[in-house]
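Engineer: Each chain, letter by letter, is given below.
There are 2 protein chains.
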Amino acid sequence: MNRPLIALTLALAATLPAHAADPAPNGITMPDGYKDWRLLSTHMRSDNNTLRAVLGNDIAIKAAREGKTNPWPEGAVLAKMVWKAKKHEKWEAASEPGDFVHAEFMTKNTARFASTGGWGYARWLGQDQKPYGKDAGFAQECVACHTPVKDNDWVFTRPVKLP
Amino acid sequence: MNRPLIALTLALAATLPAHAADPAPNGITMPDGYKDWRLLSTHMRSDNNTLRAVLGNDIAIKAAREGKTNPWPEGAVLAKMVWKAKKHEKWEAASEPGDFVHAEFMTKNTARFASTGGWGYARWLGQDQKPYGKDAGFAQECVACHTPVKDNDWVFTRPVKLP
Chain A
1 MNRPLIALTL
11 ALAATLPAHA
21 ADPAPNGITM
31 PDGYKDWRLL
41 STHMRSDNNT
51 LRAVLGNDIA
61 IKAAREGKTN
71 PWPEGAVLAK
81 MVWKAKKHEK
91 WEAASEPGDF
101 VHAEFMTKNT
111 ARFASTGGWG
121 YARWLGQDQK
131 PYGKDAGFAQ
141 ECVACHTPVK
151 DNDWVFTRPV
161 KLP
Chain B
1 MNRPLIALTL
11 ALAATLPAHA
21 ADPAPNGITM
31 PDGYKDWRLL
41 STHMRSDNNT
51 LRAVLGNDIA
61 IKAAREGKTN
71 PWPEGAVLAK
81 MVWKAKKHEK
91 WEAASEPGDF
101 VHAEFMTKNT
111 ARFASTGGWG
121 YARWLGQDQK
131 PYGKDAGFAQ
141 ECVACHTPVK
151 DNDWVFTRPV
161 KLP
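The listed protein sequences derive, respectively, from chains A and B.
For the first sequence, position 49 matches number 49 in this note's numbering, and the numbering has no gaps at all.
For the second sequence, position 134 matches number 134 in this note's numbering, and the numbering has no gaps at all.
Hints were generated in silico from the structure; no laboratory data involved.
Hints may contain errors.
Note that identical chains are pooled: a pair holds if it fits in a single copy or bridges any two copies.
As the list claims (entries may be wrong) - Taking lysine to any residue and the SDA-like style, the derived pairs with C-alpha atoms no more than 25 Å apart in a straight line are:
#	residue 1	residue 2
1	K87	A136
2	K80	L162
3	K68	G33
4	K68	N48
5	K87	P163
6	K80	R38
7	K90	P25
8	K150	N57
9	K130	P23
10	K150	G98
11	K134	P163
12	K87	D153
Only a predicted model underlies this, so the values are computations on that prediction, with no experimental measurement involved.
With the sequences and hints as input, model every part of the structure.
Structural biologist: Right under this line is the structure:
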């Protein structure tokens, strides 16, 4: 590649999003700007020692604040960010997020995702955001795990109570 | 009160913010719209069985993403929301937020809050958002508790790692 072409290529690359992850095997793409979404809840899981934050897009936040989450409305997207928990070095009884494990998404689209309960599932692993799953069948794993909350529109997260 | 006056009073009341909390004893007022701020971190504390979410205003989020948090910039505000943790009824090893305990704030203003390390502290208790503290001296309790992280600009929270 000649020098002007290299310069052009670098200039174009700089205009791309910093972390354009590949789509999930079921065709779901990572929602833009999810890290700026608002909070729905937070969890700690002792079985795998992780801390989690669940964010929602505007449709999800509106539904949560109106208490209209069973079912969640079409277009709602829930984003769960998961970190390994570690002890806070200045407060022994506190756990704080350590390494980033993955980001998981549930997208409500009853028609498109009829085969998985009306929700599209996707997960991107680690700091390099590698899509999870070998083929579109991976989402049946998600459905199996979410079956205990089928009566809550397949969602474990209950939006936090706020004043 | 006669009926038109009652109607007028109700109409005026309806225009007020739903939860206009009283100021803290050191004069700090609850920041507008903090529930819409973006996520800085989340914690679980086993000593008092609480889950916490720490949000930041735009100044704080910008600083966190640029890694410029020691010291935090003037105008940064950190909002911590605290809930009692409870076991998720459909996932035994998961803790989820239950009753809302309080909202706590740290406001960076080196000149105004020189007597408390450059940070203004405030806390509002419970769903009715009652200001914590009998007089402005309450903030010395906050400073005492935060002294282990004096070298981290008095802040326990380390912004989460994101992809």
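Engineer: Indicate which option fits the pair K150, G98 if close means a Cα-Cα distance not exceeding 25 Å: within, between, both or neither.
Structural biologist: Close across copies (21 Å), not inside one copy (31 Å); limit 25 Å.
Engineer: From the Cα coordinates, with 25 Å as the cut-off, is the pair K87 and D153 best called within, between, both, or neither?
Structural biologist: between (34 Å within a copy, 20 Å between copies)
Engineer: When Cα atoms must be at most 25 Å apart, do K130 and P23 count as within-copy, between-copy, both, or neither?
Structural biologist: within (9 Å within a copy, 47 Å between copies)
Engineer: Given a CA cutoff of 25 Å, do K87 and A136 count as a within-copy pair, a between-copy pair, both, or neither?
Structural biologist: neither (37 Å within a copy, 32 Å between copies)
Engineer: When no copy is specified for K80 and R38, does a C-alpha distance of 25 Å or less occur within a copy, between copies, both, or neither?
Structural biologist: both (11 Å within a copy, 14 Å between copies)
Engineer: Which holds for K150 with N57 at a C-alpha limit of 25 Å: within a copy, between copies, both or neither?
Structural biologist: within (22 Å within a copy, 36 Å between copies)
Engineer: State whether the alpha carbon distance between K87 and P163 is at most 25 Å within one copy, between copies, both, or neither.
Structural biologist: Answer is between: at 21 Å across copies they meet the 25 Å cutoff, but 29 Å inside does not.
Engineer: Checking K90 and P25: alpha-carbon separation at most 25 Å within a copy, between copies, both or neither?
Structural biologist: Neither way: K90 and P25 sit 42 Å apart in one copy and 28 Å across, limit 25 Å.
Engineer: Check K134 against P163 for me: Cα-Cα at most 25 Å, and say if that holds within a copy, between copies, both or neither.
Structural biologist: The answer is between: 22 Å across copies meets 25 Å, while 44 Å in one copy does not.
Engineer: Is it within, between, both, or neither for K68 and N48, if the alpha carbons may be no more than 25 Å apart?
Structural biologist: neither (31 Å within a copy, 31 Å between copies)
Engineer: Please sort K68 with G33 into within, between, both or neither, judging by C-alpha distance up to 25 Å.
Structural biologist: Both ways: K68 and G33 sit 24 Å apart in one copy and 21 Å across, limit 25 Å.
Engineer: When no copy is specified for K80 and L162, does a C-alpha distance of 25 Å or less occur within a copy, between copies, both, or neither?
Structural biologist: both (19 Å within a copy, 12 Å between copies)
Of the numbered hints stated above, those contradicted by the structure are hints 1, 4 and 7, listed in ascending order.
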